[in-house]
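First to last, the protein sequences are chains A and B. Each residue of the first sequence is one higher than the one before, starting from 1 at the first, in the working numbering. Each residue of the second sequence is one higher than the one before, starting from 1 at the first, in the working numbering.
Treat the hints with care, as some may be off.
Restricting the straight-line Cα-Cα distance to at most 27 Å, the calculated cross-link-like pairs of lysine-lysine (DSS-like) are [as the list claims (entries may be wrong)]:
1. K46(A) to K267(B)
2. K321(A) to K217(B)
3. K617(B) to K571(B)
4. K201(B) to K162(B)
5. K196(A) to K290(B)
6. K626(B) to K328(A)
7. K328(A) to K150(B)
8. K321(A) to K201(B)
9. K205(B) to K217(B)
10. K328(A) to K217(B)
11. K205(B) to K328(A)
12. K626(B) to K571(B)
13. K328(A) to K290(B)
14. K328(A) to K267(B)
15. K150(B) to K217(B)
16. K205(B) to K321(A)
17. K321(A) to K290(B)
18. K183(A) to K245(A)
19. K571(B) to K196(A)
20. K617(B) to K321(A)
Derived from the structure by calculation, the hints contain no laboratory data.
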Amino acid sequence: MSADATTVNLTPKQFGSDQDVRWCPGCGDFSILSQVKKALAATGAKRENTVFVSGIGCSSRFPYYMSTYGFHSIHGRAAAIATGVKAADPELNVWVVTGDGDGLSIGGNHLLHAVRRNLDINILLFNNRIYGLTKGQYSPTSPYGKKTKSSPHGAVDFPLHPLSVAIGAEATFVARALDVNVKHLEYVLERATQHKGISFVEIYQNCVIFNDSAFEYASGKDTKDDQTLYLEHNRPLVFGKDKKKGIRLNGMDPEIVDLGDGVTEDDLLFHNERQAEPSLAYLLSRMRYPEFPEPMGVFRCVERPTYEDMMMDQISAAREKQGVGTLKSLFEEGETWEVN
Amino acid sequence: MVVATQSQDAGKGSDKVIELEEITVRFAGDSGDGMQLAGTQLTDTSAIFGNDVCTLPDYPAEIRAPAGSLGGVSGFQVHFGSRKLRTPGDTINALVAMNPAALKTNVADLEPGGVLVVNEDAFNKVNLQKAQYETNPLEDDSLKKYQLFKVPMDRLNAEACKEAGLTGRAAGRCKNFFALGVVYWLFGRSMEPTLKWVEQKFGAKPAVADANSRALKGGYYFGETAEMFTVRYTVAPAKITPGKYRRVSGNEATAIGLAAAACRAKKPLFLGTYPITPASDILHELARFKNFDVRVFQAEDEIAAVCSAIGASFGGALAVTTTSGPGMALKTEGIGLAVMTELPLVIVNVQRGGPSTGLPTKTEQADLFQAVWGRNSETPLCVLAAATPADCFDMAVEACRIAVEYMTPVILLTDAYIANGAEPWRIPDEDSLPRLDIEHPTACEDGQRFRPYERDDKLSRPWAIPGTPGLEHRIGGLEKSDGAGDVCYDPMNHEHMIKTRRAKIDKIADTIPDLTVVGDESGDLLVLGWGGTYGPILSAVERCRDDGVNVSCAHLKYLDPLPKNTADVLKRFKQILIPELNLGQLRTYIRATCMVDSVPFSKVQGMPFRIGEIVAKIEEVLSNGKKS
Ligand code: SF4
Numbered sequence: 001m002s003a004d005a006t007t008v009n010l011t012p013k014q015f016g017s018d019q020d021v022r023w024c025p026g027c028g029d030f031s032i033l034s035q036v037k038k039a040l041a042a043t044g045a046k047r048e049n050t051v052f053v054s055g056i057g058c059s060s061r062f063p064y065y066m067s068t069y070g071f072h073s074i075h076g077r078a079a080a081i082a083t084g085v086k087a088a089d090p091e092l093n094v095w096v097v098t099g100d101g102d103g104l105s106i107g108g109n110h111l112l113h114a115v116r117r118n119l120d121i122n123i124l125l126f127n128n129r130i131y132g133l134t135k136g137q138y139s140p141t142s143p144y145g146k147k148t149k150s151s152p153h154g155a156v157d158f159p160l161h162p163l164s165v166a167i168g169a170e171a172t173f174v175a176r177a178l179d180v181n182v183k184h185l186e187y188v189l190e191r192a193t194q195h196k197g198i199s200f201v202e203i204y205q206n207c208v209i210f211n212d213s214a215f216e217y218a219s220g221k222d223t224k225d226d227q228t229l230y231l232e233h234n235r236p237l238v239f240g241k242d243k244k245k246g247i248r249l250n251g252m253d254p255e256i257v258d259l260g261d262g263v264t265e266d267d268l269l270f271h272n273e274r275q276a277e278p279s280l281a282y283l284l285s286r287m288r289y290p291e292f293p294e295p296m297g298v299f300r301c302v303e304r305p306t307y308e309d310m311m312m313d314q315i316s317a318a319r320e321k322q323g324v325g326t327l328k329s330l331f332e333e334g335e336t337w338e339v340n
Numbered sequence: 001m002v003v004a005t006q007s008q009d010a011g012k013g014s015d016k017v018i019e020l021e022e023i024t025v026r027f028a029g030d031s032g033d034g035m036q037l038a039g040t041q042l043t044d045t046s047a048i049f050g051n052d053v054c055t056l057p058d059y060p061a062e063i064r065a066p067a068g069s070l071g072g073v074s075g076f077q078v079h080f081g082s083r084k085l086r087t088p089g090d091t092i093n094a095l096v097a098m099n100p101a102a103l104k105t106n107v108a109d110l111e112p113g114g115v116l117v118v119n120e121d122a123f124n125k126v127n128l129q130k131a132q133y134e135t136n137p138l139e140d141d142s143l144k145k146y147q148l149f150k151v152p153m154d155r156l157n158a159e160a161c162k163e164a165g166l167t168g169r170a171a172g173r174c175k176n177f178f179a180l181g182v183v184y185w186l187f188g189r190s191m192e193p194t195l196k197w198v199e200q201k202f203g204a205k206p207a208v209a210d211a212n213s214r215a216l217k218g219g220y221y222f223g224e225t226a227e228m229f230t231v232r233y234t235v236a237p238a239k240i241t242p243g244k245y246r247r248v249s250g251n252e253a254t255a256i257g258l259a260a261a262a263c264r265a266k267k268p269l270f271l272g273t274y275p276i277t278p279a280s281d282i283l284h285e286l287a288r289f290k291n292f293d294v295r296v297f298q299a300e301d302e303i304a305a306v307c308s309a310i311g312a313s314f315g316g317a318l319a320v321t322t323t324s325g326p327g328m329a330l331k332t333e334g335i336g337l338a339v340m341t342e343l344p345l346v347i348v349n350v351q352r353g354g355p356s357t358g359l360p361t362k363t364e365q366a367d368l369f370q371a372v373w374g375r376n377s378e379t380p381l382c383v384l385a386a387a388t389p390a391d392c393f394d395m396a397v398e399a400c401r402i403a404v405e406y407m408t409p410v411i412l413l414t415d416a417y418i419a420n421g422a423e424p425w426r427i428p429d430e431d432s433l434p435r436l437d438i439e440h441p442t443a444c445e446d447g448q449r450f451r452p453y454e455r456d457d458k459l460s461r462p463w464a465i466p467g468t469p470g471l472e473h474r475i476g477g478l479e480k481s482d483g484a485g486d487v488c489y490d491p492m493n494h495e496h497m498i499k500t501r502r503a504k505i506d507k508i509a510d511t512i513p514d515l516t517v518v519g520d521e522s523g524d525l526l527v528l529g530w531g532g533t534y535g536p537i538l539s540a541v542e543r544c545r546d547d548g549v550n551v552s553c554a555h556l557k558y559l560d561p562l563p564k565n566t567a568d569v570l571k572r573f574k575q576i577l578i579p580e581l582n583l584g585q586l587r588t589y590i591r592a593t594c595m596v597d598s599v600p601f602s603k604v605q606g607m608p609f610r611i612g613e614i615v616a617k618i619e620e621v622l623s624n625g626k627k628s
């Protein structure tokens with residue numbers, strides 16, 4: 001690791017590469033690229049210490065558009081490759097860019113295990129609920145019944161919900177954002193990169209070609225206030241145009257209530273992103289369109305030792321106890337004898 | 001048994017000592033009987049005494065097969081001699097059988113007239129039934145061609161342990177040392193090294209240490225006092241290259257070699273791996289080497305194992321992944337990525353019986369095609385194969401050298417036979433190891449954009465690692481333009497890159513040793529081998545040559561690229577015989593690459609070649625050659 005000579009933050013533009021960006025005009029990826037650059041600039045990231053690792057899919061082109069180090073790998077394996085990068089040099093600022101197909105289908109296993117190990121890497125899952133690069137087959141997050149080229153009669157798979165999966169694997173930082181809500185997206189990305197440990201961010205990303213308007217409910221002027229709920233730590237769960245609606249717990253289940261008529265904010269469910277048990281975060285991840293407003297923002301942010309720190313601690317402890325290994329000690333371990 | 005001399009001995013309990021050139025002893029018992037430990041102790045004691053030794057464990061595939069069952073028998077074979085030994089022995093001269101199942105599954109390998117020591121107490125009705133014996137073999141005539149010694153080990157061992165305060169099951173666990181004591185007495189071994197080992201191992205548990213010592217001595221003194229054994233055997237020390245030695249199995253040697261290479265390269269060693277038989281011992285060894293900055297990552301699967309290693313290599317570590325055949329199959333796509341991104345990576349495949357799950361604990365050499373050709377598209381990489389347990393060290397270091405020097409993945413093939421087998425290893429002089437100097441680029445010329453695919457005279461590209469300002473670059477699985485390293489779909493660039501990747505592998509031949517011939521440089525017959533068949537092939541050829549047969553041998557440890565003189569060497573012989581533990585993969589490969597035909601000699605039984613089998617084949621080929 002070498003320190004950059006300057007302490008002045010780079011500009012977002014300086015995080016861009018000289019390559020032409022080849023996403024379809026109007027693709028949600030453009031916005032995400034911009035907000036990532038902004039978040040890097042805002043958090044004082046260094047190009048030389050930042051690594052973007054991706055798999056295969058539209059989103060996985062991402063590293064080519066950054067001026068940092070980058071690895072555009074193979075389908076589904078970005079999390080595994082990023083794990084190796086981080087283990088080789090724990091000081092690096094490592095990002096994984098993946099999609100719903102790449103991360104949850106072919107790479108589901110790696111994603112799950114990277115999450116549970118709590119490496120200090122940021123996983124951005126661009127969820128467009130479709131296979132874009134292979135031209136429009138249903139993905140593991142496509143809704144039940146989705147008609148696509150590979151499911152002309154409607155998909156009979158039930159979808160995976162990325163945040164429920166991440167929370168099930170006890171991710172220490174879990175958040176959701178929307179490609180077109182740029183301010184909030186940048187905020188979430190900054191929070192993600194500042195978190196020490198795994199950061200799992202699901203980004204609703206519109207694929208204009210194969211699944212246009214999949215998130216219209218969350219972005220449309222007329223629907224977004226009622227169909228999304230922006231989480232704030234230690235604040236009650238309120239939503240709606242005038243923040244007149246809220247979420248209350250009825251036994252174990254959330255229910256929508258109108259504020260007023262004897263119902264006050266104190267009756268509502270309060271968000272606590274620092275709750276050690278992941279049950280609240282999981283409950284939030286189960287609130288889905290159209291029955292509920294979908295929570296956006298930071299679901300969970302808790303502390304836990306990172307994989308790489310514990311790995312390096314074991315190495316330092318061994319070196320302290322046994323001394324730094326030498327070839328002689330390596331070769332002559334155990335029983336040796338001389339032949340003259 | 002090869003008899004050296006016979007002499008009368010004044011010692012009590014026996015009247016005769018026969019000196020032999022070499023002896024093979026096999027311990028066989030339940031997997032819980034501690035046969036591996038008894039075998040290891042006999043190995044170390046013999047090595048310290050100055051014999052050459054070569055060993056082979058034989059485990060059941062099931063970890064906890066029912067006690068006393070045929071499937072649960074575990075064995076350990078020790079071959080020690082007063083001359084250079086290269087195999088664990090074709091047939092065994094002495095068998096220690098701890099129960100009927102062990103007898104049944106092993107006695108066929110005992111030479112006629114061989115020493116058969118059995119634990120008489122274990123031959124009860126239940127055990128006989130489990131071993132599917134209808135009558136007790138100790139009481140019928142079925143074992144009469146052997147020197148049978150019936151020792152009531154349970155009883156005698158319990159007696160010996162009682163004084164140490166150990167009874168029941170705890171005492172039963174010392175039974176292997178009682179058997180070992182009998183063997184020590186029979187073959188004139190000193191008890192000292194084992195007593196010392198017991199002291200070190202069980203020092204914290206005095207009762208256990210005491211009981212094991214007493215069991216060992218109990219067995220030894222039983223041999224001495226019981227008027228049972230009329231003959232003892234000794235084997236003189238061998239003439240061995242002076243130096244400091246230790247015993248290593250192939251897997252241990254591989255682990256030590258990888259760690260040593262990382263030390264030489266002044267790099268952390270990253271191992272990304274997933275447990276798989278018979279490769280897991282490399283993982284276990286490396287997991288202990290924390291103070292060498294060995295970073296062991298037990299991945300969620302074989303794919304993550306190789307991919308994490310690729311990531312670690314990109315990140316600047318010396319990266320390794322270890323596995324066996326089925327795991328190799330899963331890693332294939334990842335290995336293709338390593339070829340495309342031209343990152344150094346060592347992939348160890350400890351070959352086992354296949355296909356599919358196959359015979360997980362048994363040996364085979366059938367992954368050569370997979371290593372050389374088994375990837376989509378034109379995906380060349382370097383393929384090496386270790387010849388013996390100790391050679392795994394040299395080849396592991398060599399794999400690392402080539403990987404970093406040529407920026408390429410390297411597959412190192414070993415196999416279950418040499419991975420589990422053990423032999424003395426002369427501890428190398430540090431300066432004799434390759435240096436593995438690695439130079440990461442640190443900067444570009446002012447204003448220039450870094451060119452990650454700019455090549456040196458080895459066609460190797462620069463290994464620029466994250467953390468280096470000014471060298472930020474992107475790599476990946478898409479075809480890249482040579483030099484600049486940008487994504488490139490240009491047809492001519494693609495063909496150029498395909499050819500360049502191949503040419504780079506071919507260039508490795510500039511830095512590897514020529515193929516050498518043992519015996520005459522030309523003649524009627526050359527026996528060509530590769531990998532773990534080295535021991536039996538060389539021993540067979542030496543035996544034939546001792547008998548005046550004109551035959552030579554050569555052994556390939558570099559498969560891709562082949563040593564430059566390979567075709568020249570082969571063409572100097574009228575016939576080539578290729579013994580291998582597959583259906584003729586090297587034969588096909590040699591025919592394709594050197595345009596030389598050969599006589600195949602295949603064996604695919606999960607077992608290594610016996611020397612005798614190869615000798616017989618040599619004789620057959622030579623006599624057929626004369627006829628034609
Ligand atoms: S196919 Fe969809 S996801 Fe892919 S680039 Fe085009 S709009 Fe974006």
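Evaluated hints:
1. K46(A) to K267(B): Distance of about 24 Å is within 27 Å: holds.
2. K321(A) to K217(B): 37 Å, violated
3. K617(B) to K571(B): It holds: about 21 Å lies between the C-alpha atoms, which stays within 27 Å.
4. K201(B) to K162(B): Since the Cα atoms of K201(B) and K162(B) sit roughly 20 Å apart, the hinted pair holds (cutoff 27 Å).
5. K196(A) to K290(B): 24 Å, holds
6. K626(B) to K328(A): Answer violated: K626(B) to K328(A) is near 54 Å, above 27 Å.
7. K328(A) to K150(B): Not OK: K328(A) and K150(B) at ~46 Å, beyond 27 Å, violated.
8. K321(A) to K201(B): Holds, at about 20 Å.
9. K205(B) to K217(B): Holds. K205(B) to K217(B) sits at ~18 Å (cutoff 27 Å).
10. K328(A) to K217(B): Distance ~35 Å between K328(A) and K217(B) Cα, so the pair is violated.
11. K205(B) to K328(A): 30 Å, violated
12. K626(B) to K571(B): Roughly 18 Å between the alpha carbons, so the hint for K626(B) and K571(B) holds.
13. K328(A) to K290(B): Since the Cα atoms of K328(A) and K290(B) sit roughly 15 Å apart, the hinted pair holds (cutoff 27 Å).
14. K328(A) to K267(B): 17 Å, holds
15. K150(B) to K217(B): 18 Å, holds
16. K205(B) to K321(A): It holds: about 24 Å lies between the C-alpha atoms, which stays within 27 Å.
17. K321(A) to K290(B): 11 Å, holds
18. K183(A) to K245(A): Measuring from Cα to Cα gives roughly 23 Å; hence the hint holds.
19. K571(B) to K196(A): 64 Å, violated
20. K617(B) to K321(A): 56 Å, violated
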